[in-house]
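Chemist: As a plain string of letters, each chain reads:
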Amino acid sequence: MNASSQPLVHISNVTKTFKRGSEDLHVLAGLDLAVQEAEFLALMGPSGSGKSTLLNLIGGLDRPTSGIIRIGEDRVDQLADRQQAVWRARHIGFVFQFYNLLPALSAGRNVELPLLLTGLDKADRRRHVAAALAAVGLPDCWPQFPRTLSGGEQQRVGIARAIVTDPTVLLCDEPTGDLDRKAGDEILTLLQTLNKDHGKTIIMVTHDPHASARASRTVYLDKGRLSDQPSA
Amino acid sequence: MKFLPLVWAGLKRRKLRTTLTLLSVFIAFMLYAFLGALREALSGGVSMTGLDRLIVRHKVSLIQTLPESYKARIEAVGGVAAVCHQTWFGGIYQDPKNFFPNMPVVPGDFLAMFPEFVLSDAEKQAWLGTRTGAVVGRVTAERFNWHIGDRIPIQSPIWGQPAGQSQWEFVITGIYEGTKKATDTSQMFFRYDYFEEARQQMKGQVGWYTVRIADPDQAAQVAAQIDDQFANSPYETKTEPEGAFAAGFAQQIGDIGSIVMAVVGAVFFTILLVAGNTMAQSVRERTEELGVLKALGFSNNLVLIIVLLESSFIAILGGCGGLGIAWLIIASGNPIPALLPVFFLPANSIVSGVLCAVVLGLVAGALPAWQAMRLKISAALRRGG
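Respectively, the protein sequence lines represent chains A and B.
Numbers 1 to 232, taken from our numbering, label the letters of the first sequence in order.
Numbers 1001 to 1385, taken from our numbering, label the letters of the second sequence in order.
Careful: at least some of the hints might be erroneous.
[Unchecked claim] Chain A regions said to be covered by chain B (calculated; three or more residues, Cβ under 8 Å):
no.: 1; segment: 59-72
no.: 2; segment: 75-86
no.: 3; segment: 93-103
no.: 4; segment: 108-118
[As the list claims (entries may be wrong)] Mimicking DSBU-like on lysine-lysine, the simulated pairs with C-alpha atoms at most 30 Å apart in a straight line are:
no.: 5; chain 1: B; residue 1: Lys1124; chain 2: B; residue 2: Lys1059
no.: 6; chain 1: B; residue 1: Lys1015; chain 2: A; residue 2: Lys122
no.: 7; chain 1: A; residue 1: Lys122; chain 2: B; residue 2: Lys1180
no.: 8; chain 1: B; residue 1: Lys1376; chain 2: A; residue 2: Lys19
Since the hints were derived computationally from the structure, they do not count as laboratory data.
C-beta atoms are modelled at their ideal positions from N, C-alpha and C, and glycine is treated no differently.
Produce the complete structure using the sequences and hints provided.
Modeler: This is the structure:
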């Protein structure tokens, strides 16, 4: 997707303003960010600093009030709703803090969900799901339902779902936020492996310095602006 | 097809609620089917009437009789192909609760006029050869366990005792079948010549005439000619298509169609609210899950279709299940042959029932599906987190 030396994710002068009653809430104020291909970026900041908002904008879940968001060659901020959905399915893998698995579907079916939007037949889908579950270290959990899995295992299934289509960018919103230290470490190790061994570009929102230490770079967001150092 | 597991998962999410909603729809459509069969039973004669048949009755009311001599005068009217008469006998078998329609007719005229009543040649010959012979429909024969050759005593509160006898007595010479499901096989017909000879009052009078016309398009003109012929006589007539006559007869009970439609309408409206509420609750509870699907790349339209498929599944499974079970029960037999001469679920009721189920599913799911489609992903995920 990114054949040149340009950053894979290019964010330029992005603002995001929410309406709260009659009041305008400026969450992001002229923000610039570049993320290289195969980079593992940690995005830190206090609650309400706009981390998740930025992640949503990069993932095409929301639109900026102004500014440019380019992923590879695609201007994400200019895509229509339907185009955004197709683009997300092809280029973005989401990992959520609370796993967000569908409780009525087995682990395998959960991982298969993004593949339903592709033209793959059932046999190919099963092969991809098996590969993704193997990649996260849960090759045998296909038939298990989320309620029978531990938090760490559910998050692994969530990561398998995020990588099953081999997306361009993996967006992780506090992926260890709901896990104990041991399970959190395992998830972080898995993300590092995906980054280093498979060249996955990862952008991870976290509160946890222990988690951000696993990333190749950390940026800090506060009061709608980014910096390389935490604010005092 | 590949999205069906997702639809199924949505339904399985709250099994009890889905089951109860399915049951509600199931019961509603069973009721719909039974009411459809009831409506057909109470007004079935209307659908079985011939387009080329007119009924000539006394202008004042059906219970007023007409002279038998009118037959020849009606036959002489241009466009009339055949004429036969019937008279309400009101006979009772053993007990007043054993009601069934019975009428004296002229066998040859009658069988030519009503080809929907099927007798074997042997039965016809036996009827023509037996002065006290009667033919009875399959439903009534089975109801009273009558067989060919049985002698049936009948009392008539209207006509009293026959001359020289304590009660009317008929020999069953045939058991007729109907050419169609809706053919009324609850009636008994016996010979007019025996009736005319034996009755002790109102001799030479008949109840009404059935007239076959050569050209159904000329029905209005022929009816007018018949009525004109008897205008200003002591027995003025009212001639109308057989369908209108049968409908008027059925409406003596009430406007069956309107009553059934009112009940079915109220039931379906309630079920629409129940199913709509179920889907709305289901979508509300799954806000986060729907947000996840959209985040994964499911388009707004796809989410809308998934929710509509869920509601349609409930409506169609429950609806078709209810129709199917009702059809089986109805097909197993008439529960009250004394009151319902025919009892079956018409094909058009089944088709309209299936269509109702589809519409119910789509309408019940429309608003929740629209809400799911409009759901903003970031808001949905925030609500979940």
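Chemist: Give a verdict on every hint.
Modeler: Verification of the hints:
Note: the segment 59-72 of chain A has 3 residues with beta-carbon separation from chain B under 8 Å; the three-residue rule is met and the coverage holds. Using a Cβ-Cβ cut-off of 8 Å, 4 residues of the segment 75-86 of chain A lie near chain B, which meets the minimum of three, so the contact claim holds. With a threshold of 8 Å between beta carbons, the proposed coverage of the segment 93-103 of chain A by chain B holds, since 7 of its residues qualify and at least three are required. Closer than 8 Å: that is the beta-carbon criterion, and the segment 108-118 of chain A has 5 residues meeting it against chain B, so the requirement of 3 holds.
In summary, the hint linking Lys1124 (chain B) to Lys1059 (chain B) is not supported, as the alpha carbons are separated by about 34 Å, beyond the 30 Å threshold. Simply put, Lys1015 (chain B) and Lys122 (chain A) have alpha-carbon atoms about 27 Å apart, close enough for the 30 Å limit, and the pair holds. Restraint check: the Cα-Cα separation between Lys122 (chain A) and Lys1180 (chain B) comes to about 50 Å, which exceeds 30 Å; the hinted pair is violated. For the hint pairing Lys1376 (chain B) with Lys19 (chain A), the CA-to-CA distance comes to about 15 Å; that is within 30 Å, so the pair holds.
Violated hints, listed in ascending order, are 5 and 7; each of the other numbered hints is respected by the structure.
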